[in-house]
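Novice: As you go down the protein sequences, you meet chains A and B in turn.
Read in the numbering used here, the first sequence has 375 at position 375, and its numbers run on one by one without any break.
Just so we're on the same page, the numbering used here is the position in the second sequence counted from 1, plus 800.
Everything labelled a hint here was simulated from the structure, so no lab data went into it.
Beta carbons are placed, not taken as given, at the ideal position from N, Cα and C, and that holds for glycine.
Treat the hints with care, since some could be wrong.
[As the list claims (entries may be wrong)] These stretches of chain A come out as covered by chain B in the derived footprint (C-beta under 8 Å, 3 or more residues):
(1) 168 to 182
(2) 685 to 696
[Said to hold, decoys possible] Ranges between beta-carbon positions, derived for each pair:
(3) B:E919 - A:N771: 44 to 50 Å
(4) A:E311 - B:Q915: 49 to 55 Å
(5) A:N496 - B:L1127: 29 to 35 Å
(6) B:G1038 - A:S764: 55 to 61 Å
(7) A:K700 - B:G1038: 36 to 42 Å
(8) B:E919 - A:N296: 43 to 49 Å
(9) B:K880 - A:E712: 33 to 39 Å
(10) A:K656 - B:K880: 56 to 62 Å
(11) B:E1123 - A:N81: 49 to 55 Å
(12) B:K1034 - A:D15: 53 to 59 Å
(13) A:N296 - B:E1102: 52 to 58 Å
(14) A:T34 - B:E1102: 40 to 46 Å
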Amino acid sequence: MKASIEWLEEYSDIDVDSVKLGDILTMTGSKVETVEQKGNDIKNVVVGKILEIEKHPDADKLVVTKVDVKTEILQIVTGANNIKVNDIVPIAKDGAELPGGVKIKTGKLRGIDSCGMMCSVGELGLDVNDYPNQIEHGIMILDKSLEKDLGKNIVEVLNLKEDIIDFEITPNRPDCLSIEGLGREVAVSLGKEFKNPRKNLDELNIEDKKEIEGLTVDITAPDLCYRYIARVVKNVKVGPSPEWMVRRLKACGVRSINNIVDITNYVMLELGQPMHAFDINSIEGKHITVRRAKENEKIVTLDEQERILGEDNLVIADDKKAVAIAGVMGGLNSEIENDTETVVFESAVFNGGSVRKTAKKVGLRTESSSRFEKGLSAENALRAINRAVELVELIGAGEAVNEKIDVYPTKQKINKIKLNVDKINNLLGINISKEEMIKILNKLEIKVENDMAIAPYFRRDLEFVADLAEEIVRFYGYDKLETTLINADTTLGIRNKEQNIEKKIKEILVSSGFSEIYTYGFVSSMDLEKSKIKEETIKNAITIMNPLSDEYKLMRPTTIPSMMQILALNNNKKNQNVKLFDLSRSYKNINNEVENGEVPLQENILTIGMYGDDVDFYTLKGIIENVLEVSNINRYEIEKETKNESYHPGRCANLKVGIDVIATLGEVHPEVLGNYDIERRAYLAEVNVTKLVKYSRANKKYVEVPKFPAVERDIAVIVDENVEVGQIEKLIVKKSKKLLESAKLFDIYRNEKIGDNKKSVAYSLIFRNKNKSLSDEEINPIMEAIIAELEKQLGAELRK
Amino acid sequence: MKEKIAKIKETSIKEIEECKNQKELNDLKVKYLGKKGELTLLLRGMGALTPEERPIIGSLVNKVRDEINNLVEEKEVKFKKEELQRKLETENIDITEPSKKINLGSLHPITQVIQEVEETFLGMGYEIADGPEVEKAIYNFDKLNTPPDHPARDIQDTFYITDNIILRSQTSSVQARVMEEKKPPIKIICPGAVYRSDSVDATHSPVFHQIEGLVIDKNISMTDLKGTLEMFAKKCLGENTKIRFRPHHFPFTEPSAEADVSCFVCGGKGCKVCKGEGWIELLGCGMVHPNVLKNCGIDPEEYSGFAFGFGVERIAMAKFGIEDMRLLFENDVRFLKQF
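The shape of chain A in the complex, shown without the other chains (with noise of 0.2 Å):
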C-alpha cells in the first residue's frame, strides 16, 4: 500500500522526515518497504523567460539565445525547436542537478558558450501523460502565469515535492489498506493526535429504502455477502478529476480514468473500502441480485477479457446476466461511458475466501479482491458509500439522491475481550499499569469499558487477550522488551537414540571419506524406470497432485534415483573417486494410508554411492560393516541377493538381522549405469536406518581380557570356485567346540595346478580357552573334525 505523506498529513501532524517516519512505522507493525522522495534529485532548476533567440553562426541545427532567471540573463544553446520569445521555461543552471544523477555544467556547442540547459518534460523526470499540453521531444513550455515565479526553484513552482512511503500490510489488518488506517498509525506512532476527519461519514441521516429511482437490490448469497449498499447519482457529468485527486491517486499508484471512476477508486485507497460504479441504464429490470454464478457463466471484465465462472463465484447481476465479478472486476457491459447519465455506487462487503478463490479462479488480483479477501468491516460500507456521494458532490459531478439502499442481514459482530493486566504482562514479560495500557489501546480506538476493551468495527482481528497484548507492545515498544531467561524446571537437552545413532553414522561415512549430499524428495517415473526399480516398490510411489514439473511428480519410494543422478552428475563433471551418502527419507504409501487420509511409511535411509579406482564391492562392505558396529549391531546375516535388479546379479547382497532386511548393497547393474551414462563401474548401498536403530542394542560389557596364551593353526582347503567363503567359515565355527577365537581369511588362490573352476581359500585359526593353555591334544582333533567336516559338506580338498 502506498501512500503519500501529504495524504497522511490530513491524518496527523507529521513532523520527521519520511525516512524516519517509515523507521518508526516500521517499529510499530507497518512495515515499510521503500521511500520515495521525488522532487529531491532536481537541484538548481529554475524559471525562465527566453529573452531573445538567434541561429548559432557555425550549426544549422543550433539556436543561441538569452534567457532571464531574474538574477541575471543567460546565455543557452541549444537544439530545441520548439521554442519561441516570451516562453517561459525550466533552466537547469550551472550546477544543476537532474534526475538520474545528471550534472549541468557551462560549456561551449560549437564554439559558443552555453551557461545551462532547457528541460524537457523527461529531463525533469516527470510523465508527459501528466502534463498533456507538452510534447516529449521538445522544452517543458511552462504556462504563461508563472513568469511571476521567474528565478524560483521549478521544484516548488511546479510542486514536484512528494514523498511516498510504500507498506507492506501484514494480511491481519485490512484497516491499514487505506489511507485512514495508515494515518491513524501515523498519528499513534508519531505520539500525535489522530484528526479524523471523516469521523461521521456514518451518522449522515440517508434514509433507507426498498427502491430508488426504480433501483431494488437483492441477496440470494447471504452466505458470500454479508451487506450491499446502493447509492443514485443523478445528471453526472463524466469528466476528468481534479489535479489533487488525480495527484494523490497517482501517489498510491493508480491511474485516473474519469470522475466517477476514480471516486470509487479515491474512497478505496481514503477508507479502505473498495466500491463500484454502474450506468443505471446498463441494469437490466433494474433489479441487482448478488447470487452465485452458474456453471460456466461468462462475463467479459472491463479489461476486455472473457472470464468462466462457476457456482463458487459470487456475481452482482441484473435480471438477465452478470455486471460484474463480487469484489473482484466489473463487467464491460455496465462499465460508466461518457454519456453516462445516473449512476449507482455500490459499497458491499463479501466473503473474503470466496473473493480471493474467485479471483485466482479468473487469474485477476485487483486492488478491489485483496482487500475483500482480508475480511473487510461492514461497518465502513456505509462510511464509503457516504463518502463517495460526498466527493460527487464536492466536485461537482452529479446530484446525489439522499436515500439509500441498504441490504444487511446480519450485522457485524464487535469483539469484547477481557483487558486482563496480568495475564497481559506477563505474556509480554513486562510491567506496566492498567492505565497505561488503556492509553494505548483508546489510542487505536479501542474503547475500555468495565475492564472490557472494545474492538472497533474497522479491528475485526482483536479476539484474544493475545492481540490486546500485541497492540500494547507495538506501541510500548519491541525494541524495549529485555531479554531474560525462562525461569522454569530444567529440562533434559539430549538426542535420542536414533538422533545419536544418525550423528555417528554421519561421523563414520565422513572419517572414512565419504561426504554428505542432499537431494530432493521428489523423482520421475523415468527416474525410477533408469534404475530399475522394482514393480512393487514402484507401486508404492507418492504422486504429488499439483507438482511443479513431470520430473518432480513422485515420492520416491526408494532412494537409488536420487543417489544415481547425483553419481551421474559427479561422472559426468569427470570428478574422480566419488564418494557420498545421503541420509534422507523413502516415503511409501504401502497399504493406501494416503487415500484414508494417514501419513504414509516415512523410513530414514542411508544411501552411500561410490566409484573409483581403489573401491570395490569388499570397501562397501566394510564400510557398511562400520556403519553396523557405530549402530551397536553385532548380529546379523549377510545373504547373496540375485532378483534386485538394480543390482549386478551376482553382486549383490542382504543384511539382515531377524527376519528384517535392513541393508542392500552392492555394484549398480550394468543396464543402470548404461541409463546414467556411467562408463565404469559403481556401488550402491541402501541402508534403513529407522529399522536398524530398532536392533540397536547399547549394552556394552566388558569382557576379560585372556590370560591364556593362543593356539594359532593355518588351514589351507581346495574348493569348487561357487563355494562360499562363508560357507567354509560357518562349518569352521560349527566344528571348533567353541574355542574358536578367530578364523581370519588371509589368501584365496587360484591357478592350472588348483584346477579350473577352483579356488584355495586359506584360514588362520586362533583357538583359545579363556581358563587354561590349550594342548595339541585338544587342538588336533578339532583340526580333523574341521577338515572331515569341510570335506563331507562341501567336497574341499586340504591342501598340503
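We have chain A already, so just place chain B on it with the hints.
Specialist: For chain B alone, coordinates are given in the frame of chain A:
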C-alpha cells in the same frame, strides 16, 4: 711370563684402538679372549709355574683379560653408535612428500548449520523432535490456526497429495504433533525438510530446510523469547551479535515478531550480504496463539509459550558465502569437499 702378559696387553690395546669395524673387533676378541686366544693359552701354560706364582700370574691374566674386555665393549658401543648414525643418515626422508592419509569426506553445509543450532539448543535443555514430511493438512494448517481459505493453502504454494494430505510447508507441523503428544513443559527444536511450490532458482527451491523452536510452560513471556534468541544468535553467529524485534503477523503466534540480527558478515557496518542495512532478517517468531494451544489440547489460561522458525539454507549461504542455492542441491563433490 709377566713380560708375555705385558706384551699381550700392550699389543692388544694398540690393536683394539686401531681396529676399524665390528668384524675386526670380533677377530681381536677371538684372538685375545677366545677359547684359543692368547690369554687362554697363557692360562693353560700356567701348569709350568710354581704354586706360588700361579695365583699371581692367574690374577694378572684375569686383570688383563678384564681390561681387554672393557676395551672391546667400549669399542663395540662406539661402533654401534657409529653404525646407527650411518643408518639414520641413510634413512633421511623428504617430509614434504604427500601424506598417506585416508581422505576425509565432508558434512553438507545444511547439516553443519543444523548441527550447530542443535548443539546450542541441546545445551539449553531442548530436545530434538521430528515428524512426517508427507503430513496431514490438519497439522500443517488447521491446528496452527490457519483457516481453510488461507492463501498458504493454495495449490500455488503447497504441494497436495490428496485434499487432506500434503507435503508439509513448514516444520511447525511438528509443533502441533508434539503438543498433542506431550504435556508441558515442552522445549523442542525441529529441524527438517519442508516443501513449497517454488521453481528452482538462485534463491528458491521447492525443497528447503527449516528449524522450528517451541517452548510451552507456565509463565513463558516474550522477553524470554527475545533472550533465548539472543543467546542462540550469540552462540551460533558470534558473541557480538545483536538482535532486533520488529512487529509482524503469523497466524500461529500472537504477538508475532520478525527478528533481525546484526549482520554476522560485516558486523553491522553494511555489506553485500545485508544489502548495506547492517541487519539480516533471521526468523519469524512470537507467542503461541491461544487457538493453537487450544487446538492441541493445552489450556491457554494455564500455559503460554513461544515459537520461532527459520530457513537453514539462507543461513548456510550467508555463513559460507554461497550465492546460488542450486549449488546446495547439485552435490558436485568439488563443492561438497570445501566444507
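Novice: Hints first: check each against the structure and report whether it holds.
Specialist: How the hints compare with the structure:
{"no.": "1", "hint": "168 to 182", "verdict": "holds (count 4)"}
{"no.": "2", "hint": "685 to 696", "verdict": "violated (count 0)"}
{"no.": "3", "hint": "B:E919 - A:N771: 44 to 50 Å", "verdict": "holds (47 Å)"}
{"no.": "4", "hint": "A:E311 - B:Q915: 49 to 55 Å", "verdict": "holds (52 Å)"}
{"no.": "5", "hint": "A:N496 - B:L1127: 29 to 35 Å", "verdict": "holds (32 Å)"}
{"no.": "6", "hint": "B:G1038 - A:S764: 55 to 61 Å", "verdict": "holds (56 Å)"}
{"no.": "7", "hint": "A:K700 - B:G1038: 36 to 42 Å", "verdict": "holds (39 Å)"}
{"no.": "8", "hint": "B:E919 - A:N296: 43 to 49 Å", "verdict": "violated (59 Å)"}
{"no.": "9", "hint": "B:K880 - A:E712: 33 to 39 Å", "verdict": "holds (34 Å)"}
{"no.": "10", "hint": "A:K656 - B:K880: 56 to 62 Å", "verdict": "holds (60 Å)"}
{"no.": "11", "hint": "B:E1123 - A:N81: 49 to 55 Å", "verdict": "holds (51 Å)"}
{"no.": "12", "hint": "B:K1034 - A:D15: 53 to 59 Å", "verdict": "violated (37 Å)"}
{"no.": "13", "hint": "A:N296 - B:E1102: 52 to 58 Å", "verdict": "holds (53 Å)"}
{"no.": "14", "hint": "A:T34 - B:E1102: 40 to 46 Å", "verdict": "holds (44 Å)"}
When held up to the earlier numbered hints, the structure conflicts with 2, 8, 12 and fits the remainder.
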